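Since the structure of chain A is provided, determine the placement of chain B with the ligands on it from the hints.
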Amino acid sequence: MSVATPQAAVRTAVTAQDVVKVYGRGETAVRALAGISIGFAAGEFTAIMGPSGSGKSTLMHCLAGLDTVDAGTIHIGRTEITRLADRELTKLRRDRIGFVFQAFNLLPTLTAEQNILLGLELAGRRPHKAWFDQIIDVLGLRDRLRHKPSELSGGQQQRVACARALIAQPDVVFADEPTGNLDSRSGAEVLDFLRMSVKRLGQTVIMVTHDPVAAAYADRVVLLADGTLAGELRQPTRDSVLAALKHLGA
Amino acid sequence: MLRTIVAGLRARTARLVLSSVAIALGVALVTGTLVLGDAIKASVADEFARDARNVDVAVDPNTSHSATERAGLTPAMLDTVRRVPGVAAADGRQSVAVPLVHAGGRAKPALGVAVASDPRLRPYDLVSGRDPERPDEVTVDQRTAAADHIPLGGQLTLLDRRNTPHRFTVVGTYQQGTSRSEAFLADQVVLLPSVLPTLGEGHGYEQIVAVAAPGVDQAQLAARVRSALGAAGVTVRTGAELTQQRLRSVAESAGSFSTFLLVFALVALVVAAMVIYNTFTILLAQRTREIALMRCVGASRPQVFRSVLAEAIAMGLAASGLGLLGGLGLSAALQRAVGALGGTATTVRLPLSGSTVIVGFAVGVLVTVLSAVVPALRATRVPPVTALRALPEGHDEVMRTSRKRIAFVLLLALAGSGLAALGLVAGRDTGMLLTGAGTVALLGAVVAAGPLIVGPINRLLGVIPGALFGVPARLASANATRNPRRTAATTAALMIGVTIVTMITVVANSGKQTVNAEIDKQFPADFTVTSAISDRALPASLVDDLRRTGELRLVAPEYRGYATLDRPGTAGATPGDTFSISGVGTDSLGELLRPTVVAGRLDRLGGDEIALRDTAAREAGLHVGDRVSVRVADLAEDERVDPGRGPATTLRVVAIYHGSGPLASALVDAAAYTRMQPNVAGFDRILVRLRDGVSAANGRDAVERATRAVPIAEIDSAAQTKEELNSEVNKVLALVWALIGLAVVIALFGIANTLTLSVIERTRESALLRALGLTRGQLRLMLLVESVLLGVAGAGLGMLLGSGFAWLLDRSLSTKDEVITFAVPFDQVGVMLLTAVVAAVLAAVLPARRAARTSVVAAMVDA
Ligand SMILES: Nc1ncnc2c1ncn2[C@@H]1O[C@H](COP(=O)(O)OP(=O)(O)OP(=O)(O)O)[C@@H](O)[C@H]1O
Ligand SMILES: [Mg+2]
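Protein chains in written order, with full-length UniProt numbering: chain A, 1 to 250; chain B, 1 to 863.
Do not take every clue at face value.
What the hints assert, rightly or not - No more than 20 angstroms apart at the CA atoms, straight line, and that leaves these computed lysine to any residue pairs for SDA-like:
| # | chain 1 | residue 1 | chain 2 | residue 2 |
| --- | --- | --- | --- | --- |
| 1 | B | K512 | B | T821 |
| 2 | A | K148 | B | T821 |
| 3 | A | K91 | B | F469 |
Stated by the list, open to error - Here are some chain B residues the structure puts well away from chain A; computed CB gaps all over 10 angstroms:
| # | residue |
| --- | --- |
| 4 | T80 |
| 5 | S353 |
| 6 | L475 |
| 7 | R691 |
Stated by the list, open to error - Examples of chain A residues toward chain B, derived with CB under 10 angstroms:
| # | residue |
| --- | --- |
| 8 | V198 |
| 9 | K199 |
| 10 | G202 |
These aren't lab readings, by the way, just hints derived from the structure by calculation.
The model shown is predicted, which means the values in this text are computed figures rather than measured ones.
Where is the CB? At the ideal position from N, CA and C, for every residue including glycine.
Okay, chain A solo, but in the shape it has when bound (with noise of 0.2 angstroms):
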């Protein structure tokens, strides 16, 4: 763990080392990552900031294990992820990492129930009754579970999302604009809960966001350009993520 966090006593869940992402080759390559060093801490609410194009997206995905790196590595916990196969990655995936998309999180044919548990099934593992009946109820999804998605609202459909990354109590949760689609209302709900689930049950939640209101409520503002670390926030209001991003020039 050569990269030091600045509270240095605290476990980091995800660490990044020189990561290099480029798409293409020759001409029309891009450097999405162009060498990103940067250490998640356990229990930590990060927020991942930056313009269009600027890498967000492909960083989530190199550290949740989704897509491959092309120099650099990656840990979770003590697990360098970077070196793994497909197996064993979706196997880290099912087992350590939860997942929140900004569409399409549920499968059309599953209730919403089953959408739930649906990780947990995959890793052959039982959920455990107490915890489930508490997510669900803090996420008021007790007389949704029957549902299909198509019969839920978008925030309905996003709260699903959240409890089911939460469900297997992972190691961290991606998040990837989880409110994007939402209105002010829904996404409040949906940020309230994952604020909640960090400082509560000692959750990790890295989330990608464009929205300086949903950033707010992160410990920690990451801000990317062109592939690289270009400054980060303490416990941000709207009005200082703001300000960075305007600094940015995004």
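Showing chain B with the ligands alone in chain A's frame:
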């Protein structure tokens, strides 16, 4: 618009290819059938062209004139024709059945043909050597020569009328096309005309043919021949008329075979149509947004409709072209196969007529376009705003139409069951037709009910893989039911093919079982010895030889013939129907012949007693105790049954028995038989029972030894009879399986097609699952299970329906006296089910690979 269509076709080539294959296979079957029909026609026409070659005038017996028909055309007539001025040469054509002794010492019937006196009138082509010139020379069909390995100059043995062997020297071989003889697979030899009467029973000339002298007109010569012969009993035709009439009958016989094949082609096309329909439905569902966008930017409904149809036409044309080529290949393969069966390398003909090409393209394009019409119409109903809305997940509108659908299904099912029920109570022939129609309606009902029932069926079937493989299998089961219409259409395509195969297989098997059981029950002989030549009886000495054989316990000779049955007193006024009759030794009754007695008693038959089969008794209106006047026809003189001849004997009916197969319609005591028919030459059948403890192989050897002196003796056992029967049935089944197999293959392409399209549609879903921790293997497994669910649902439903329909058909074919036992060949059905599973797995391989290959991130970004 054209540019969008072309661009669309290009973008969707891969997706269209699979469905094109379906159409191409259907078209291949149609054109292959047509080409084969033409090929058979051409080759048979060639054959008859040989027959009619150089013939200027042909004289045939007049079929309505029974005297000439019986006597044939006489040598006197031939002389008359030869003397007609303007006749350069004339010949009488005749053929007799001649026993040809093959390697192993057993005789089989062959056709002996008289050599032409003039080479111009040869109805065959010499391949090597020459025509026979001496009485001990023979020219053989090259197929016979090849099969028996007889070289030029080699020897060949024929039996004369007293079954004495005569050796002939082979001086030439000749070729017959797909001639009459090849159709019956009988051997053929050409001999001097003078030799023929010593070898077999002749019936005069079958035809007199003449060549005109130079400068003499056919019609003119025909008129002269006609007046020379007088009008009595003959038909005189010119060579041209003969050729024409022959070709007409050829066309008819080739036509009926083509019709048989076309039925299967039709099934294949129906299945292909369902696959195409499904493809367009899915493709258009996936393009809903694109179509809506086109409507937004100003495309009219007719434009959308036309663009879809244009796509269908382009696809139909391409697929039909492919299918046409496939059809040629198929026809060539079939001809090779038939040639191989016949033992010769038949020349493969591929006559591709203009009408075949037109029919092929018309069928292909029409089926494609018709299958695309409904999806195209649906596409025009896409409102432009859809482009702006998020799409609900590929939801079918089943609920909306389900009421109409249920009504339709019920109507069809009602009509089907009604027809089938009527068929069960109606007589045999109409009953079968009614039941057949009923099953078609019921099949239609199940197809229509498809979208309503596939859900429950797949959920039910999904339980097993769900328990075995867990989450991926449960996801697969859910996927298989998410688009009921799509699943239903995919399943139905397979179901139709499997239903038909199963039905035919089960009906054939039931028939087979029934006859086998019958053979076992009525015919407990270990071996039967019969004559290989139908009109030559086995010598009485053979019975003595067999009786002297230590391994045999019982030797029961039997006479066979035909007899008329009349109530005494009425005979002569209206001759009754003819029935087959057996003269049997009393000791064989109950021991070697065990008919089921329905009325009366049959432990022994007295000299003035007769037993009748129930069907015969009913037909003749006779009961136990009745007196009946019996005349046995004299078959030795004439193969035709002539009820006018033979003395009448009055017998008493003592038993009515039931049975079919090898039993004759009437049984009398052997002594009574010879009393009624004194000039029997020998026995027609000898039943043999082995001593206890003698093995079948030893018994067979013993019978072989005892019959060595009689080449015409043919040894059969019940087991062998059954085996032969079974292998006949299996051969026909194999042909049906092969033909329907094509429809099943098309349906499997349909599964592969649906899966591929679904995989494309669910790219994002697959990516999500992968992100959540589904391994590549599990993703593949998911698709395999989905495919197997579709396959098993289709095949399973088809088997259930097919078996049910077979049961109905069995019942409608059964009469009170002849009950066809319903027997499902579980081994064959099992093989089919297993094949369906394996094929479904294969069908899923490509889509599964495609799904597993796609990178998670790319999929999340793309879609
Ligand atoms: N599959 C790809 N092939 C080629 N280039 C890519 C690919 N994916 C991303 N890029 C490029 O990499 C860079 C970073 O993309 P990325 O999606 O990470 O940006 P982002 O910060 O998430 O942007 P946004 O805020 O718009 O989502 C961009 O320049 C993009 O064009
Ligand atoms: Mg992004």
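Checked hints:
Distance check on the hinted pair: K512(B) and T821(B) sit about 9 angstroms apart at the alpha-carbon level, within 20 angstroms; holds. Straight-line distance between C-alpha atoms of K148(A) and T821(B) comes to about 51 angstroms, which puts the hinted pair past the 20 angstroms bound. Using a Cα cut-off of 20 angstroms, the hinted pair K91(A) and F469(B) holds, with the two alpha carbons roughly 17 angstroms apart. Residue placement check: T80(B) keeps its beta carbon more than 10 angstroms from all beta carbons of chain A (closest about 90 angstroms).
With a closest Cβ-Cβ approach of about 52 angstroms to chain A, S353(B) is found to remain outside the 10 angstroms limit, as its non-interface label requires. A Cβ of chain A approaches the Cβ of L475(B) within 10 angstroms, the least distance being about 7 angstroms, so the stated non-interface status is violated. The Cβ of R691(B) sits about 69 angstroms from the closest Cβ of chain A, beyond the 10 angstroms cut-off, so the non-interface label holds. A cut of 10 angstroms between beta carbons decides the hint on V198(A): the least distance to chain B is about 21 angstroms, and the hint is violated.
At about 25 angstroms, the closest approach between the beta carbon of K199(A) and any beta carbon in chain B exceeds 10 angstroms, and the interface hint on this residue is violated. Taking 10 angstroms as the C-beta cut-off, the interface hint given for G202(A) is violated, the closest approach to chain B being about 22 angstroms.
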